[in-house]
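> The primary structure of each chain is shown beneath.
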Amino acid sequence: MAEITNEAQRTAEVEKDHALFLLREMLRIRRFEEKAAEMYSLQKIRGFLHLYIGEEATGVGAMQVLSRDDAVVATYREHGHALARGIPPAALMAEMYGKVTGCSHGHGGSMHFFDAYRRFYGGYAIVGGGLPIAVGLALAEKALGKKGIAACFFGDGAVAEGEFHESLNLAALWKLPVLFFCENNLYAMGTALSRHQAQVDITKKTAAYNLASSAVDGMDILAVEAAAGRAAAFVRGGGGPYLLELRTYRFRAHSMSDPDLYRTKEEIAEWKKRDPIALFQTRLREWGLLSDADLARLEAKIAAELEDAVNFAEASPLEPPENLLRDVYGTVRP
Amino acid sequence: MTYREAVRAALRKALRDDSRVFLMGEDVGQYGGAFAVSHGLLAEFGPQRILDTPLSESAFLGAGIGAALGGLRPIVEIMTINFSLLAMDQILNNAATLRHMSGGQFHVPLVVRMASGGGRQLAAQHSHSLEGWYAHIPGIKALAPATVADAYGMLLAALQEDDPVFIFEHATLYPLEGEVDLSAARADIARAAIRRPGRDVTLITYGGSLGITLQAADALARQGLEAEVIDLRTIRPLDSQTIMDSVAKTHHAVIVDEGWRTGSLAAEISARIMESAFDELDAPVARVCSAEVPMPYARHLEEATLPKAAEIVSAAEGMLAHHG
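As you go down the protein sequences, you meet chains A and B in turn. Everything in the first sequence is counted per the numbering used here, starting at 24 for the first residue and increasing by one. Everything in the second sequence is counted per the numbering used here, starting at 2 for the first residue and increasing by one.
Just chain A, with the same shape it has in the complex (with noise of 0.2 angstroms):
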């Protein structure tokens, strides 16, 4: 009886470190991205910025079923990616100050990030355009005998490109190991999913391609963790691909510049009742495994994480411009 209640507690500790991870990995992107939009008004990042506020549980809820071993490809909104992935935000944040220690030397900024080490294949920022590197990615693991698979994140607008529909077939024909994650937050760009697509819901467009397909509610962290692992379960079966649909929404505008026009502040409030953070602290706490000063101790963590972050983005140097040129082609094997 007493190896029981042990092994009971044992599990509960587990549960309760995992739980607390999943919602320090959440916390930890809801920061960053509120760090970056803060040095964006500073101007010390320019170009386009596109937050992944709303969406947290999504990303991270994915990325738990992924081993070193698979190769991820995602979008321009990847900075939750990026960091669930384990890229520390002091190497995302040079690389939006554009400087030569960020993931992609100040070559990529936002849109791009890059991490040979960690099997982060990028942020594609042509919509739809990672879709056919994550098929070959998957037909290089099949045909080398590996172990890995493909995952590929992507938004409710890239269903309506071509290279959506091509990728999902010739993944499907092939039977390639590729875990498609659609990431649909209603909105591409500023056109409602309603104002684009025939066929709105996402899982009926892969019977076509004899993809298997499911959805999930992407602002609850733990359902998406366990349709993520069922997902990614049946693709390393030998299944083929899969599409998990997270159904999910941006509480921020599209990027800095959108004005917000296209929806209403209520339907934005109402999304926010839904918070996948909110909710999970809420559901944590319910369960009697947060209290208020592990919620305070993360929130310390991770704030000084990214003051070191922001402090290691300033004081990094530039690329030199006479290395401009250096990375266009490689050298050529005698």
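Hints should not be assumed to be uniformly reliable.
Below are the DSS-like pairs computed for lysine-lysine, each with C-alpha atoms no more than 27 angstroms apart in a straight line [stated by the list, open to error]:
#, chain 1, residue 1, chain 2, residue 2
1, A, Lys165, B, Lys250
2, A, Lys198, A, Lys169
3, A, Lys228, A, Lys39
4, A, Lys58, A, Lys296
5, A, Lys228, A, Lys165
6, A, Lys169, B, Lys250
Don't read these hints as lab results, they were simulated from the structure.
Chain B: place on chain A using the hints.
The following block gives chain B in isolation, referenced to the frame of chain A:
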């Protein structure tokens, strides 16, 4: 051996020598290739190495990029250059950018082959010479083998590159007969080739136009004018040195380019000569390009559109008569 067989021989050698190499494209397998280039390869190497694709240029070109990122050495065949426009997002936005945009962390060792050019009465959606567009793009290399030996050697050389290489095979060249030393080392794609030495005028061309340019040189020779014929071979990056050395010798240059004149590869070469060898010129650089129309179907109209040997001869004669 024909040009077609030379490409096939290079493909076969690459597939045999490197297990990471595979060929992917429309009808490359069971059909044997739209131009019969890959005929027999499916039987020899099997469906894991010779992949027939759906008509999804963007997806299979992009999959080639992804497979290259993932450790394979893909060769993608696009049936004709006009179809490559369907994959231009992947080509320009991904293949050409990934190395630089990732700060050098990733590279795309991808070879893409496609047929190009006119002369087969295939009208305005199968006949264009858009190589010059590709030559505009930093991050890729662009090759246009004009001889049977180069069809073999340049493909093998392309597979040694760590960057995306596009090979343009002028479709009228496939039946061309020529000598190939299959044991020879791969071609040096960094250098243009002087196909005929001469002292009076430099004729600069590439790919499918080499034949008419050599014909023009023969015709000029009958008049006692010795033309030097440069086959660019690689159109990005350009071997400017070979061009400038020749112009310094002949002081006259005619560029023969099947692309449309405006914004063409010929325009780029002309500008480079102006920048680097202006003082060497005894006459303005001349260009012989395709007429600026969508390629017409009717034989006589297509002939009127494409560059002709007689036009090259008259361009050379004109500048030599006035300034020679």
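> Each of the hints needs a verdict: does it hold here or not?
For each hint, the structure was consulted:
1. A:Lys165 / B:Lys250: Not OK: lysine 165 (chain A) and lysine 250 (chain B) at ~56 angstroms, beyond 27 angstroms, violated.
2. A:Lys198 / A:Lys169: Roughly 15 angstroms between the alpha carbons, so the hint for lysine 198 (chain A) and lysine 169 (chain A) holds.
3. A:Lys228 / A:Lys39: Violated - the C-alpha atoms of lysine 39 (chain A) and lysine 228 (chain A) are around 38 angstroms apart, more than 27 angstroms.
4. A:Lys58 / A:Lys296: Satisfied, since the Cα-Cα distance of roughly 23 angstroms is no more than 27 angstroms.
5. A:Lys228 / A:Lys165: Roughly 25 angstroms separates the two Cα atoms, so the pair holds.
6. A:Lys169 / B:Lys250: 57 angstroms, violated
Checked against the numbered hints given earlier, the structure breaks hints 1, 3 and 6 and satisfies all the rest.
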